[in-house]
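Visitor: These protein sequence lines map, in sequence, to chains L and Y.
The first sequence begins at 4 in our numbering and counts up one residue at a time.
The second sequence begins at -4 in our numbering and counts up one residue at a time.
Just so you know, not all the hints are guaranteed correct.
What the hints assert, rightly or not - Covered stretches of chain Y (in silico footprint by chain L; criterion: 3 or more residues with CB under 8 Å from a CB of chain L, positions within the stretch not fixed):
| hint | region |
| --- | --- |
| 1 | 50 to 57 |
| 2 | 63 to 72 |
| 3 | 98 to 109 |
Said to hold, decoys possible - Some chain Y residues near chain L, calculated using beta-carbon distances under 10 Å:
| hint | residue |
| --- | --- |
| 4 | M(-4) |
| 5 | V28 |
| 6 | S94 |
Hint data in this document are derived by calculation from the structure and do not stem from the laboratory.
The structure displayed is predicted, hence computed values, not measured ones.
Note that beta-carbon positions come from the ideal geometry of N, C-alpha and C, so glycine has one too.
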Amino acid sequence: MVTVALDLDPEKARTWIDAANQTHPSLVDSHHVIDARLGISNVPMAVWIDETGTLVRPAEGASIEVSPLRDMEITDDIPERMRVALTEIKKMPDTAEAYRAAIADWVEKGADSEFALSPEEVIARSQPRPHEHSRAAALFELGCHLHDTVGKEAAVPLWKEAHALHRENWTYKRQAWTLESTPEGEESDMSQEVGDVYGTSWLDDVLALGGGANYTVTPDL
Amino acid sequence: MLLTSLTVDPAEFAAQTGWESKPEGLCKGAMCVPAPEAITPEGELDVQIVSERLGMSLVEEPASRMWALGPESGGTALSTATVPDIELPDMDGNPFSLSALHGRKVLLVAWASW
Chain L
4 MVTVALDLDP EKARTWIDAA NQTHPSLVDS HHVIDARLGI SNVPMAVWID ETGTLVRPAE
64 GASIEVSPLR DMEITDDIPE RMRVALTEIK KMPDTAEAYR AAIADWVEKG ADSEFALSPE
124 EVIARSQPRP HEHSRAAALF ELGCHLHDTV GKEAAVPLWK EAHALHRENW TYKRQAWTLE
184 STPEGEESDM SQEVGDVYGT SWLDDVLALG GGANYTVTPD L
Chain Y
-4 MLLTSLTVDP AEFAAQTGWE SKPEGLCKGA MCVPAPEAIT PEGELDVQIV SERLGMSLVE
56 EPASRMWALG PESGGTALST ATVPDIELPD MDGNPFSLSA LHGRKVLLVA WASW
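Assemble the whole structure, with the sequences as input and the hints as a guide.
Guide: Now the structure itself:
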């Protein structure tokens, strides 16, 4: 296993990596280059690579645990927007158990696993890439460079355009949004109400893209 | 891919994008795109021509004279199932290449702290 943290500031990932005390390679991709190179668009997502360096599954949602938010009771005392958010989270496909079982099957059977795809299937199942997504990737990476060298304000216009061009890419959005919604040192803010800067929020974009059912690239197992 | 000029060394371009410069053109996996005019007299790649041939969006940041080149477009996110030799740092800044794991099955998981 290899983990890749999509974190503009690698130190944000360090706490988690240190706590996990992992023995596998734990890498950091501060400019999200694996989005363009492997088709990653949200987290967690994964690709499977065989012994020859060939993909046997393209980038797809890789949850192996059911989010506790899915089982949270939606009571009347919860604020309206949170109720809507929880409703959408419950609509997200739950493939955790099936995905975990598929990984175990591939580890045991290799190419004979029914979940290991041919190169042609891997390519065909990867997400569409129109020219707008290419421009979004370039804008996001250039924005990261400006963030690092000039400051966040220089990056925001490029990131906003990237978000508009590749709406289904949540790593571009959530990475940028978290710089607005999560003050230094605080816990991550899932609701990401970033209207002041980006004119949107996590929930607004989930709803605009058809709701929680469309939030992840659901693995077709 | 970030650029400081509009020409790039073919080896660097291949490392960053997976597209290799070969006699038959720019190639990735089984796909080759003829682009004879993309090679400059100095043996470098003309980024603007490459951008046009491969559908790679080219974005300029005039103030710092930087460019970013997006991935190829017009098809799917993957144009080959061969994994590019991606090199990324670990938490100590040490570079790690995915090719170091050849011979083993790899589950590559993307996550984030946010």
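Visitor: Confirm or reject each hint.
Guide: Hints and how they fare:
1. 50 to 57: With 6 residues in contact (Cβ-Cβ under 8 Å with chain L), the coverage given for the region 50 to 57 of chain Y holds.
2. 63 to 72: Satisfied; 10 residues make the cut.
3. 98 to 109: With 12 residues close enough to chain L, the hint holds.
4. M(-4): Result: holds, 8 Å to nearest chain L Cβ.
5. V28: violated, 15 Å
6. S94: With Cβ-Cβ at 7 Å, under 10 Å, it holds.
Hint check: a violation occurs at hint 5 only; the rest are consistent with the structure.
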